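Q: Given next are the chains, with one letter for each unit.
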Amino acid sequence: MNMTKKMRVYIVIALVSMFALPGLGLAAGDALVSVGWLAGNLQKKDLVILDVGAFTHYEKNHIPGAVKAFGPWQTMNDGFVGFMMPKTEDLVQMLRDYGVNNESFVVVYDEGVTVKDTAKSARALWTLHALGHDKVAILDGGYAAWERENKPAATVMTVPMAGNFTADFKADKVATLAEVKSKVGSGKALFLDTRIPEEHFGHEKVSHIKRFGHLPGAKLWPDKYMTNAGVDFAPSYFKDIYELKDMAAGVGIPADKNAEIITYSNHGKSAAVGYFVLHDILGYTNVKIYDGSLLEYAPLKDLAMDTNGWGFMSR
Amino acid sequence: MDLMRELGINKSSHVVIYDHGNAISDATKGATAVWILETMGHKNVSYLDGGFTKWTFEGKVIDNVVPVPTPGDFEPKLDESLRAHLEEVKAAVNDHKTQFVDSRTPEQHFGVDKRGDVERYGHIPGSISLPANYLTNAGVNRAPATIKSMEELEQIMKGVGMPADKSTPIIVYCNSCQFAGLNFFVLHDILGYTNVKAYDGSMLEYAAVEDMPLVKFAWGRPVK
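In the order they appear, the protein sequences are chains V and W. Each residue of the first sequence is one higher than the last, beginning at 989 in the numbering used here. Each residue of the second sequence is one higher than the last, beginning at 36 in the numbering used here.
The set of hints was computed from the structure by calculation and includes no laboratory data. None of these values were measured; they are calculated from a predicted model. Treat the hints with care, since some could be wrong.
Partial selection, computed: residues in chain V whose CB lies under 7 Å from chain W [unchecked claim]:
#1 Tyr1213
#2 Asn1216
#3 Met1235
#4 Ala1286
#5 Phe1300
Where a beta carbon is used, it is the ideal one built from N, C-alpha and C, also for glycine.
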């Protein structure tokens, strides 16, 4: 019965998309491409495939034509906070080296085994968004999905032609410490914690994060709830849009698609999975990542953190 | 009854229960045994904080002789006010007054994970998530599974949305009613909630009854 209902929904979507007008820009969902789509479009003009997984993985096996693109996507900033977005000019150079042009449609992928892998792709996608490049998508399920569908693998390193990529930096994609300070606990923006519940609750933490707990009033939606990684050995496929919609409501994300949402995690990488789901799958328009995340926030003792409770229970 | 007598428990006994004291699955064994004795009407029962692990950490004497107890004269006087059955749970789901407390993992509560022998995903409507795991210090700097301090426990109750009124009717549950035993013990015996029951059948029973509602993909909220 479930299947029939699901199929009916797909048919409705198929009909709706047939009549969708061109020129509407990226509709929700377009930023996630399937193995089938990618395999059928490997020769597509302007396609650039970036393998953002570990380079050792790339050297063993990668998607034909994919560029070794392990970064750095995050570096230490001037304030000696690690895992921040690198300087724009460095990123521009890196992306040109990867062969990215302004016209490129970039598909990023990762190992695709766990949500930690997916987070690498999500972080790269968000970085491109922040540089003003919206023509970017994630390969659903990453290399694990590619392999599972018996698609061809390449071992020879792709040497791309230098690209002409230029950046148009979008400051509204990045929440800075100053902005977080002014908005936390104010009700002006919704903070979303994408870490594991134990870290959110303050029962556990990773050792280099200085304090336990979460930003006051933050909602909790762990990134690992957003994909099917590991369910019956599945690659890290995103859950379907209906499940994600239900969860968004269930964790307390407002229905208003223009609501301001700031995602954060320990290093701002897992936070990118939250960004992707909200912005690119569910169509929220005003989502940003707190780039410094808890690595920057937790050592600042005068900034509040709540422990021994769920952020969604506080008023 | 027979088991209690064989163990040498008398009507007049003060029973101290301990477990391995290492992990949360140890602490829940001890706490559930406390609940069982209390439900059988034997109120003179205590729990050794941190169990055997803390005992040995503090260099106390241990031996390996298995004692042979003299049979006791234990008499059960079942106290049903501490135990909930399915019928009662059914009624409580609909009364919107009973606060259900889910002791399982957040993943099981949220409905993205479940135990293989539990039929369906999700939590009982009107539940809040209070994982039993969060109630002890097990594993922190290799600490034994001692129960967190009163101050921390009170803070946790506020933080998970427990009602401030300690006479609110509460039903704790988990998968098989072992982890719920720890939540029961903390609420009833440490924090002084006066109207707490453990749902004996828990999700093993509840989820198999198809018309019983379950909430999936959401964090539970307090009933009030």
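Q: Hints the structure violates: just list their numbers, smallest first.
A: Hints 2 and 4 contradicted; others consistent.
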